[in-house]
Structure formats: C-alpha cells, structure tokens
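Student: As a plain string of letters, each chain reads:
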Amino acid sequence: MLPFETGLTLPPFLTGLTEAPLTLLLASPVFGALLLALLGHLRIGAWINIAVCALTTACAVWLAVEVARGATIVVYHELFFIDSLNVFLVTLTAFVGLTTSMFSRPYMRIERDQGRMTGPRMRLYHAMYQLFLAMMLCALTTNNLGVLWVAMEAATLCTVLLVSVYRTPASLEAAWKYFILCGVGIAQALFGTLLLYLAADRVIGAGEGALLWTHLNAVKTQLEPTILSLAFVFLLLGYGTKTGLVPVHHWLPDAHAEGPTPISAVLSGLLLNVALYAILRCKVLADGALGNGLPGRAMVAFGLMSVLLAAFLLLRQRDIKRMFAYSSIEHMGLITFAFGLGGPVANFGGLLHMTMHSLTKSAIFFAVGHAAQKAGTQVMDEIRGLLQISPTVGWGLMLGSLAILGMPPFGVFASEFVILTSAMRQLPWAAPVLLLALAVAFAAVMARVQPMVFGETNVKRLPHPPALVPVFLHLGLGLALGLYIPPFLVSWYMRAASLIGG
Amino acid sequence: MIALLTQAINLFAAILLILAFAMITQRRILSLIHLFTAQGLTLVAATIDVGYLTAQHHLYASAAATFALKVVLLPVLLHRLTDRLQVRWDVEPLLNIPLTMLIGILLVVFAFNLASPIAALSASIARSTLGVALASVLLSFLMMITRAKAVPQVIGFLSMENSLFFAATAATNGMPMLVELGIALDVLMGFLILGVFLFQIREQFDSLDIHHLERLRED
Amino acid sequence: MLDLDRILTVIAIWVGIGIVALVAPRRTRFVAHGLFPISAAASVALIVAAVQGLWLPPQSVVLRLGLPGLPFHLRMDSLAAFFLAAIGATSAGTSIFSAGYLRKGEGTAPGLQCLQYHLFLAGMALVVLADDAYAFMVAWEVMALASYFLVIANHRVPAIRRAGYLYLLLAHVGAIAILLCFGVLQANTGDFTFANLRVQSLSPFWASVAFVLALIGFGAKAGIVPLHVWLPEAHPAAPSPASALMSGIMLKTAVYAMLRIAFDLLNQQLWWWGALLLGLGLLTALFGVVFTTVQTDMKRLLAFSSIEHVGLIFVGTGLAMMFRSYGMPALAALALTATLFHVAAHALFKSLLFLGTGTVLHATGERNLGKLGGLIRMMPWAAWLTLVGALAASGLPPLAGFVSEWLLLQTFLFTTDLPMSFLNMLVPLVAAAVALVAALSGYAMVKFFGVVFLGQPREEKLKRARDASWLERIGLAWLASGCVALGLFPVPVIDAIDRVTRMLVQYGLADTVDANGWLLLAPTSVQRASYSPLIFLLVVAATITFTALAVRILYHGRLRRAPPWDCGYPHQTARMQDTSEGFGQPIRQIFEPFFWMRRDLPSPFDARPRYRVVIEDRFWHWIYQPVQHAVERVARLAGRVQQGRISIYLMYSFVTLVVMLLLVGR
Amino acid sequence: MISPLGFLAQMLQFAVALAAAPLLTGWVNQCRAWMQNRRAPSLLQPYRLLHKLFYKEPVAADSASLLFRATPYVVFGCMALACGIIPALSTDLPLAPAADAIALVGLFALARVFISLAAMDVGTAFGTLGARREMLIGFLAEPALLMTLFSASLISDSTSLVAIVHKIAHSQFQIYPSMAFAGVAFTIVSLAENARVPVDNPATHLELTMVHEALILEYSARHLALLEWAASLKLFAYSCIGLALFLPWGVAEINAPLAMLYALPVLAVKLAVGGFLLALIETVSAKMRIFRVPEFLAAAFLLAVIGLLVHRLLGA
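Residue numbers (our numbering), protein chains in the order written: chain A, 7 to 508; chain B, 7 to 225; chain C, 365 to 1030; chain D, 143 to 458.
These aren't lab readings, by the way, just hints derived from the structure by calculation.
Each residue gets a CB set at the ideal place from its N, CA and C atoms; glycine is no exception.
Fair warning: there could be bad hints in the mix.
Label-pair restraints from in silico Cβ distances [to be verified]:
{"no.": "1", "chain 1": "A", "residue 1": "388", "chain 2": "D", "residue 2": "431", "range": "55 to 65 Å"}
{"no.": "2", "chain 1": "C", "residue 1": "961", "chain 2": "A", "residue 2": "496", "range": "54 to 64 Å"}
{"no.": "3", "chain 1": "C", "residue 1": "833", "chain 2": "D", "residue 2": "389", "range": "58 to 68 Å"}
{"no.": "4", "chain 1": "A", "residue 1": "48", "chain 2": "B", "residue 2": "20", "range": "54 to 64 Å"}
{"no.": "5", "chain 1": "C", "residue 1": "986", "chain 2": "A", "residue 2": "307", "range": "30 to 40 Å"}
Here are the simulated DSS-like pairs of lysine-lysine, each with C-alpha atoms no more than 30 Å apart in a straight line [as the list claims (entries may be wrong)]:
{"no.": "6", "chain 1": "A", "residue 1": "466", "chain 2": "C", "residue 2": "468"}
{"no.": "7", "chain 1": "C", "residue 1": "735", "chain 2": "C", "residue 2": "827"}
{"no.": "8", "chain 1": "A", "residue 1": "466", "chain 2": "A", "residue 2": "380"}
{"no.": "9", "chain 1": "A", "residue 1": "380", "chain 2": "C", "residue 2": "468"}
{"no.": "10", "chain 1": "D", "residue 1": "412", "chain 2": "D", "residue 2": "429"}
{"no.": "11", "chain 1": "D", "residue 1": "412", "chain 2": "D", "residue 2": "309"}
Whole structure, please, built from the sequences with the hints as guidance.
Tutor: Right, here's the structure in full:
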C-alpha cells in the first residue's frame, strides 16, 4: 500500500500555505549536502556550509512564526507535521547548527593547517554535517514513526563518519563502538516500532496510517497495553542508547572525545535532544495506552541512574571533552527524569532544560575546542591559565562551566530549579539524591576548570583569532533566558508540555 | 495446499532459529557467512509465502529487495572482505560454546513466554512465529556479545537485522513499503561503512581483534 | 517615589557602574577615581532610604523577571531595611576606600574587579530584598559568584586558587541545602513566594528539618563551625575591600536569612533550635577566638575573629529563639537587639580592620605578622584609625563592640526561670564562656595591633612604608566614625532595631529605653542596669585633660628623648621583640586540645637551628578528608562500569533489556 | 536631676579616692615590712615618690609614639572614673548610672589594653614580654571578676553597683552561699590584677618574673608617677569593690548627709583591715611561676562560675 493512498488530505489552501517553509527547511540541508559533496574541500566550502545553515535557520524561524500563528501543521499526506513540541526543537536545531558551522569554519581551518584534516576529509566532513542536520530535521518533523527510525539511523551513520574523520586509532575505536552500540540500540528501537505497528494494526488497520503519530495519538487509549508496554521497553532502550542513558551510554564519552569538536557540540547539543524527542513521542502513546504511569517510572529510574553515575564519573576525567560528555549524560538524565515525572510543570522544566543544555553545552564545546587547539592537547592537566593567552576563551570556558553547573543567573539554573522543585512535590526522596549528584558534579568540574582558566599559563598563542561570537551568543541567550523568559516562548513550552502530558 | 504453506511458515521459523543457534556455535567465519546467506534465503522464502497467503503484493517487492540485498549483495561483499582481510577463524569466543548454548536456550524460553500473549493478539497468520523472531533477535545479540573479532560482530549485527525483518513479516505482514525501503537503505549504508571501517581498523591495528579497541576507558 | 524604588535605583546604579567599567577595563584611573566615588554616593543614598524604610510599612514590588510562574518578588520590611542600612554604611566606606586602593597589575583588570565588586553589592542587597525562593537563590548565588571572582582576583597564586575553589564549593553545597529548605517550607503547595511560605504551618518534624537545612546552608556562609573552613582561606586571598565586604556584610546576609526563616517564614520555634544555635554559636565563638590569637597572618587573624563574632551573633539569635519559643517576648527582644546591634557593629569595625590591613599590605607588601611592626610612625593615619577598629573589636567601652556585648550579658543576667531546669543551669555557663570570649578577643586585638603597628619595624623596607592615600583615609575615617557613633549613641540605634524586633518577636525596647532619655541606655530600668557611654567618655576625657593641665601647671611639660632603656641592655634589635608566635604561645599551651599542631623543635646540636610550628584545624581531619575519600572511593567504583570492552558494553545493554522485559512481562 | 547632695557625695568620693589611694598602698607596704621584720617606710612614702617623679624630667624612647605618651593619662583617667562609680562612701552617686558592673570591668579592660599597647610601642624585649603576660593574666581575670560581680547582681538582680550595695546592705541580713565562692574568686582576681604576690611582685625587676614592672619599664618621671598613682587607685578601687560586695555596711544612703560623716571613718577602718589582710597574704604566700598563673586564675574563674550555679541551684 503506497503512501498517497491513505490518510486524510488537507484543504489545499492550508497545504499551499504551509508546505513551503517545511519543504525548504528539509530541502536546503540536503541540497547543501550535495553541493558540499562537490565543493566541500575548497576554502569556500566552509562559507557555503554557513550559508546553507543560515537558510535552514531562516526557514525554521519562518516555520516557528507560522506555528505561533496557527496550530499544528500537517503536510505531505501527513508524512510531516509540526506542532508546538517539535517546532522549538526544529528552531533550536537549526540555530545551533548555524552557530556550530560558524564556529567550525576557523576551527577546521586550523585543523587542516595542522594536517589533521585533508581536502577529501573536509569534503566528507562538510557533506556529512549537512546530511546530519537534514536527517535530524527530518526525524524531528516526520509524523511517521518508521521514518523517524530511518532518520535516526541515518543520522547515526553520518555522525559515525564524522567521529572517525581523523582516522586516528582512538577515533576509529570510538566510531566503531559508537556504530555497534548504537546500531544494536537502534535495532531494538526498530523492534519496538514493529510492536507499535502491530498494536496499531489492530485498531487502525495495516498500512501507512498505522505508523503516523497523529493517528496513533488519536487512538492511543485503545492500543493494546501488553504490546505497548513491551514496545515502550524496546523503544526506550533503543532511543535511550542514543540519548546516552545509563547503563547504555557507553558510546557517548568516546564519540564526544575523539571526534572533531564541532561534532561533539552538535552531538551533545542536538542529537541527544532528538533521540529524547523520539522517546517522548513514544512515551505519549505508551502513557495513553497503559495509563499506569509505567513509562514515567522507567524514565525516572533511568534518569536518576544517569545523573548519579555521570556525576561520580566526572570526578575521574582527564580529557576535557570527555568530561563535558559525561556532563551531557548527567543533564540528559536530568531531563529524562523531568519528563518521567510528567505533569505540566516538570515537562516545562524538561523542555526548558533541553534548550538551555544545548545552548550552554555547545557553547562550552566551542570554548573547549579553541582551548584544546591552543594547548595542543585535550588532557586537562596540560592546559593551564587560558585567561592570560586569550581572555575570551578563558571566560567563555569559565562562565560556560558555571552555567552548565547550574549557577544562577544562567538559564540552566532556572530549569533545574523548576525540575527540582517539581521533584520535591512529586518525588520528595529523589530531590536530595539529585542535589547530591549536582554537588558532586560541581566539585568535579570546577576542580578541573579553575586551573585551566586561571593561574600561570603554559599555552602558546595561535596566529588566528578564535571565533567566539557563537560562544558568547549562546551564553548571552542562556543568561537572558535565566533572567527573563519571553511570554511567547512560555506559551510555546506550555503547549508542548501539555502535549507531552503524563 | 494453503494449510501446507501456513505450516511452512512455522517451518521457516524453526529453520531460522536453528540457523541462529548454528551461528552462535560456529567459529569459522566462512561458514558464518554461509549461515547468514541461508538465513537470508529463509527470510525470502518466508516473505514470499506470507505474501502469497495474505495476497499482499508489496511483500513480493520486499522479498525481492531482501533477496538482492541479503542473499546476493551482502554475502558477496562479506566474501570479498574476508578474502581481502584474510580472516578465516575467529579466536576463542569470550564465553565457551556450551555455556553460550545454555544461555541461548534460556533466551528462547524467555522469548516464547514473552511473545505468546502478544502473538495471541496478532491478526497475522504467522503470529505464532513472533516468539521465534524475538528469540533469534536475542540470540544474535548474544552472538555479538560473545564474539571477539570484528567481522563476526558485523555478521551478528546483520543477522539481527534479518530477524527483525522476519518479525516484521511474521507479525504484521511487513512494515509499510516506505519504511522497509528506508530500513534496507540504512542497512546497506551501514554495512558499507562497516566495511570501510574494517579496513581502516585493520590498517591502524593490523588486526581485527577487538581487544585492541579497549583503550578508551575509565580506570 | 516609593522607598523601595529608590533602593532599586541604587542597585541599578551599582550594576550600571559595573557595566560602564567594562568599557575601559584597564583604565585604572578612570575606574578608581571616576566610578567608585559614585557608587559610594549611591551607598549613602541607600543608607538614607533604608533608614526611612525602617519606619515605613512593608513595601513590595513584583519585577517582570524570573520564571514565568514565579517572577521576582521583592519586599522591604524593617528587617530588610535594617540590613540594607548596614550594607549601605559599610559599602560607602569600602567603596570610597577602593577608589584610592585600586592598583594596576594586581590580578584581574580593575574594570572587571569593579564589575564583580558591584555585582557583589547588588547581589547582597537583593538577597535582603528577595521575597520568593527563586529570586533569593539567584541573588544568593550571584553574591557567591561575584565574591568568588573577587577572591581569586589575584589568581596567579596557587594558594589563592585553592581558597577560591574551597569557598565556591562550600557556598554551593550550602546553596543546595537552602534550596532543599525552601522545598520543605513550601509544604507541597508548589508556590515558592515567601508570602505563601509564611502561611504554611508545618508539623514540628518538617519545621525542624527545614530549620536544620537552613542552619547548614546559611551556617556554611556565615562560617559556623564546622562549616567554617573556607573562611580563613578566602578572606586573606581576596583584595582587602572585598574581604571587608565579605566579612563585614556577606556573613551578615546569612544571619539575615537565618532570622528571616526562623522568625518570619517558620511560624513556630522549638526551644531546642535555640539551644542548638546557642551551642553552635558558642563553639564557633570560642573556636574562632582561640584560633585568632595564634594566627601569624594578619588577614587570617581577622578572618578567624570574624568567625568568633559570627559565633556571638548566633549565640544571641539562639537565645532569642529560645525565649520566643517559651513565650518571653521581652527577653527575646533584648537578645535580638543585642544580636542586631552586634551585626551593625561588627559590619563596621571588621571592615575597618580589613581596610586597615589593606593599606598595610599596599605599603609593605607583607601579610605576615613576623615581618611587620612599628608602622604607627610611618603611617599614623592608618594606625590610629585602625586602633579605633581594634578597640571596638575587643569590645571595650565606649565603642561600638562593647554595647552589644553589654546587652548580650544583660540578657543572660535577666534570664530567669526558663521552664527547663538544665537550661537554667546552662545559662550562667554560657555567660561565662561569652565573657571569656570577649576577654580573649581583647588579647587577640592587642596582638594584632601591637605586632603590626607598634614596636620596632621587623624589616628594613618597612621604614619606607607610605601612609594611606587621602581617599583611603576618608574610607577608614568613615567607618571609624561609625564605630564611635554607634558606641556613643546606642539609643537611636536601638530605636531603629526596635522596629525589627517588633516585627520578629512582637516586642521592642524602644519605649523603655527612650523613657530614660537618649543619654542613658537602660534596657529595662535604671535600677536594674544602665550604661551611658557619652558620660563615661566625657568623665574620662575630663580627668585626662584636668590631670594633664594640672601636671603642666604644678610642675612642667618638658620631655627628653633617649634610646630605649630596656633594663640597660645595650644593643637591642627588632628581632628581640615578641613575634606573633611568641604572643600566641600561652594560648597555644592553655587551649592545646583545640589545635592540631605539628612542632619542629631544633636539637641542641643543630648547626642552623629552625623552630617551626604548624597549627591546623582538627575539623579538617575529622570531617572534610573522610568525606573526600568516600566520594573518591565511590567514583573509583563508578569508573569500573566504563572499562572499554565493547562486549561488556553490549552485555550491559543486553542485561538491561532482559531485566526490563522481565519487569514488564509480568 | 543631680541633687546637690549627690554632687557633693560624688566629689567627696573622687577626692577621697585620689587622696587616699597612695595612702592605702603605703599602709600595705608598711604592714608587709612589719611582718617581714623590716623597718617600715613612712606612710607618706608614696606621696613623696609621686612628688619626686612629677618633678623630674621625663625621658621617652626615641621610637616612642604619641600612644606611649598618652597612655598614662588614659589609664589614670580610667582608674579615676572607676573609683568614682564604686559606692564606697555613699550610694547616692550621680555618675553611678553611667557605668554598671559590666562597664566597670570594661573600664579596667580598657586601661589594661592601653598599657599593654604602650608597653609594646617602644619595641623592647621586656615591653612586649610584659604586655603578653599582662594580657594573659587579664583574659582570665576579667571574666572571673565579671562572674563574681554577676553572682552579686543575681542576688540584687541588678548590675548596677549602687543597687547591689543597697540590696545587700540595707535589706535585712541574709547569708548568700554563692558569695562565699565569689569571695574566694574575687580575692584571687584582685591579687592578680593588682600585681601582688603570688602572681607578681611589684618590688622586683627580675626579668623572669616581672609583669607590671615590665609594662612600665620605659616610663619615667610624670608618666611613671601617673601610672603608679593609677596603680594605687586600682588597688583602692578593687578594695572598694570587695567591700561593696562582701561587707557593704556603713555606706551612706541616698540623701542621708549625716550618714556620710560616719561612712568615711568606717571606710577607713575597713580599708585598713583589708590592706592588712592583703599584706598578710603577700607575706605568707610565695611567688609562683608565670606558667602556674593561668591555672591559678582559671581556678578563680571556675569558682566564680560555681558561685553562679550555686545561686541558681539554691536560689540564693
């Protein structure tokens, strides 16, 4: 049964109006990928990269405006749709993609000057970067859970190539683990999707419609609980592997540490979000079908495990990127915990934290990238006194770390405050545990970051000026949102939160 | 005739399970590839069968795709790979064979118990085979765990994909076409990338023994 | 214009100054002489507004900032106003001082320091004003962060970095406890405005939990034993104006928060909270003063003395809480008055002392008492103004420190028939301990002032020390005059405090005190106890002048200079004076159990004998190291999970899958 | 508010204190000499000494700062005020409300701090040594004295000395066990505070033992005179405190002019007896090592505290 045979078709004026931005949004990175596959190795490649990302961001904003006006948009025979939950993730993804491309231009140039990158590799890098963005946007906007799976898998493949782009033993090892572990994980997700389809099949009837989230969401209460519970387990573990939930997180630190820094930034800032988004979509269905809060409890458990383990592992890090990778695990755990709690407030906190985390963490990785390049190493004990070489990098790293550790007035604190307070209400015993973990994380990270930023330096000056606009753009946004969240954003989050429910 | 074909599906399921066990026990990489091919063939047969019985013609298409990909393309590539990399034998697996078998049997029991309630709910004619599919998924998972070399792990990965396909066919008469195509594409891409990797790993570590891939760790 | 608005304007001006400083961060002259005087003026304005605010009804405003569900609520009642006044008074002095103090090439760029300094001030002011948990936490952490950056302003020195880290860590742990405390206080209503916390009536158990959490959180900031370890590290590390602010006000914000939670937000007090506070405070005071006497670094010495005074403040708070819980408002008010008076006094004299050390530090580059001395001759301004602070700190009449101690001791004396007999027995002991602490702080201050400013210069370079610049003198003089004024005119101050006590314990001393006129301070009645610092001073001064004149008239006023006599010992060197170690030696002997001491004594046969004694804090070995080790052990265990082997990783995910399926399958 | 009679009483007390203080010192020395079978100096010896010292030309160390020269006057002023507020002759003292028992202790502390600082000012070995020892004695004696006064003020529940005297002397007689402890404590404290054997020996310049003398080692002429005079004022003040606390009978009441006429001789007698006892103690006891002093004073401190507890326990 082919796609266009099923599904209700929207009135033409609506489709005509709404298809344009979405089409452009998805098309531009694909187009960019093709273009860069040809020109990626040239100096101009980086600029093209930025330009395409800018275009994508513009479309995303356009889309956001559309959504802010109306309700959900469903196009292409419901294959793609935009509601308040994924629209802000789309915008975020496009935005971080843009800033990262801005950061990656000088960064990768130096890598190339230092001989770690070659022309062909640059081409691969740029093409894959765009393809990766395209896949994530596809995963975010698609309505078809099967397509969601396909897109996630494709995104994995792209990032595998990106992680291994240096061809060093370490990067190969990281990439291999990344591939195998995520491959297996995603396979489980496929089985979960299968079971979901099986369940839907009995209610909606076989065919395209049975995998469309909007349809499933409409009938979620009638879905067979036994199947759904199994399906959710597989989906949670499958996509959870990509989210980096303990104990299926093992690929994450390696992949973050060994790949190029821009990739670490997008992995932490975007990919994890998208995977979590997939889990959320499934959770909505599972909640509807089961109605016994089991999905929530499972997510709470995984979240707590992740936060605790990551916090303690932070104490043992020597590699700077690895350390912040663990902090990503910690924060993903926190977000998962929040969504596990459910309810408008906790969901709100979770969504806010998603945003804050991707902004802050990618900013940190930008700063870290420059720091590591200056020092010529990622080993923290050999990076000292950045402040004297380049105050901007130093302050960027310091403020970023403080922000990610949940220091007011940065936004991460705002979201953590919301999450913790709702935890105090719904799950009182969990709050002290989380806070303990946060304290440990604080001790660990500050102990490492402080000597890197302050004190006498051992770092040599690089000829180039670092691209720090992205860093302070992100941190500034984080700060602003920590002090004041504009109403339209609030209403957005609110709607999304109510969508997730739980 | 129909009845026969209906039973045939169960037969294929049984064969698939046997093959999965065989893979766990098998140490020679060449024969692993052969087993994988056989698995692919069984899958194709099962798909056609179901397609015929349920008169869902898109299953033929997917059967064809499966045949092209998993019976022809991947095995050939695997052969090439093994020739080029000169890997014949896997080193001693991490768990010894009998123990692995034992665990495997437990898994089968577990999978059947798990699947039975669901199978009861399924509308498909091949519902009873869902348990088998789940079992073989878990078995190939087990295989990936126990193998100490890269190529067998890859094969395990692929056979897991196979079992998933079988599950799809058996439980739900196949996923929607679009999705199946996407999945197939991903598998192919993934395999190609893996192939490239194997060479790179080889030239970096001049061995495919994954014990070399254990340096990124917390100690 | 609403009073609160004026205060917010002052805060805005502070932040604005900080941002302006970023325009030219390295232009020292511009930052120092251009910006700091403005901020000092703003501080003075703050004093005025706050003092007016004391007598006004509470005003509140809701800013459109913060969380959507929980915008910043700000509220100024008498309690807040009192602390704001203290902040204004102290910061006015430190700001004008900093104008003369700021130098090039001392760590962070001046402009950046200026930003941090003013964010610090703004943070403290907002802590006092905050009226909901979120605003409070934000202000609290901004304060902590800004002060942290000030502490490590001179971050080239490893010790300073360590101090900064320790400080920030403990501050953060404290903040976490505070957050949990608010979590308990909101009693599952999900509304974190103080207005809501006030109306909640918790069960005694949960109320106690909240109280203990608050005690941990704010005790960590105030430096209550055993959470004090950061304090003696951080204060010496910071630039002197920063240490002055930290010691002078920041510790008091913790006291403020304690009062706010214990008396305002919690609608009940249990007697044992007071007892706990009393005991901890006493321990802290004793511990602090004993360590003060044996220090060899002048800023460390002052830091420990801050610990001591905070201890005394907590003793007063504890008493007040006990009386409150036993329904004795009059005594509660008396104790609270003593406490708040001491808050104000300590804010003034301790910042004065820290600024004094600042001038010494700039003039000599030395913090080590063993290398100072005789500065009263080179830098008389700094010396005499610091002397005022030192006398006030040692609680001598007729200065500020004495009044609060007098009131505190009076509280003990008036304490009669508490319902619990053993408390009754306890009170005299506590009183005795407080008296001992007061006396010991005198010892410490004599050591401090004597070793730094008196005697022979212990180093050659000290002879070239330059006195404080005129801006610095203004700052010092401002604070010194504050100490004197507070000491000589306690009655108006008590009238102000009366507003606060009325708010917190529904009773005030103003009526009884005013009954005896502004000259005489008598908390209950003249028959019972009275003290009039002004008469006191006048009589002494009169006697002095009279004697001096009489001697001149009856005899003569000649004076001859000669080398010191010293029992006719011919050649004396500066090395023959007591060192600070020597001065602390008797205390080391008497209070030996307090210290964790390591002595290297030279043997008779040493060619080059060296005497070394290292004094450490026992709590470090009792609490902090064990915790650290425990955490490391857990981390090592956690590390096992990630041991690099892909098969193991697959196993994890496999087992997880099976377990989950088992759980769900049932 | 100040009644002329009260003013008179105040002035009289000042005058008596300033005049009689050296006499008391002289008397103590005389008694001591007798008991040690020495020829006693005349009673007026202290006056002669003071006169001589005032007449001489003072020599100050080159390095001495203003603090050094100001201190004698400050100390003298403090002691004068102390004598002024302790009800020795009459309880009708206008100045009394200005400083109660606690403030009195603070007054002594002020004097001590100043004299110690002055001793450190010149920067000789002995000066700092003296300052350290003085403060060491002080920080134990001060709270002990305070506690002593407290146990008295618990009886009269007032810290104003006048009220204490009034309560003990002019209400019907009663035995206060707590005062026994306080008495012992007070004796020890006053020995230490007035630099008497066994704590200190005013008549020695032996480096190892001297405390008070080390403090004033650099002083000469009028400064020394003032300090000596202040010292005897201190002795007078302490004696008066002792009398006020433990045998306050005979102190004149408010507006009882005639009472004051016999209050004076009564005081003289009491002081004479007190001085004799002091001399006796000094004769029979031996000077103790400086390291023993803290224990000695700690004992006083503890006794005073026990006194308080006893009062709490027995309610008397």
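Student: Does each hint hold? Answer for all of them.
Tutor: Verification of the hints:
no., hint, in the structure
1, A/388 x D/431: 55 to 65 Å, "holds, 60 Å"
2, C/961 x A/496: 54 to 64 Å, "holds, 59 Å"
3, C/833 x D/389: 58 to 68 Å, "holds, 59 Å"
4, A/48 x B/20: 54 to 64 Å, "holds, 58 Å"
5, C/986 x A/307: 30 to 40 Å, "holds, 36 Å"
6, A/466 x C/468, "holds, 25 Å"
7, C/735 x C/827, "holds, 12 Å"
8, A/466 x A/380, "holds, 6 Å"
9, A/380 x C/468, "holds, 27 Å"
10, D/412 x D/429, "holds, 26 Å"
11, D/412 x D/309, "holds, 19 Å"
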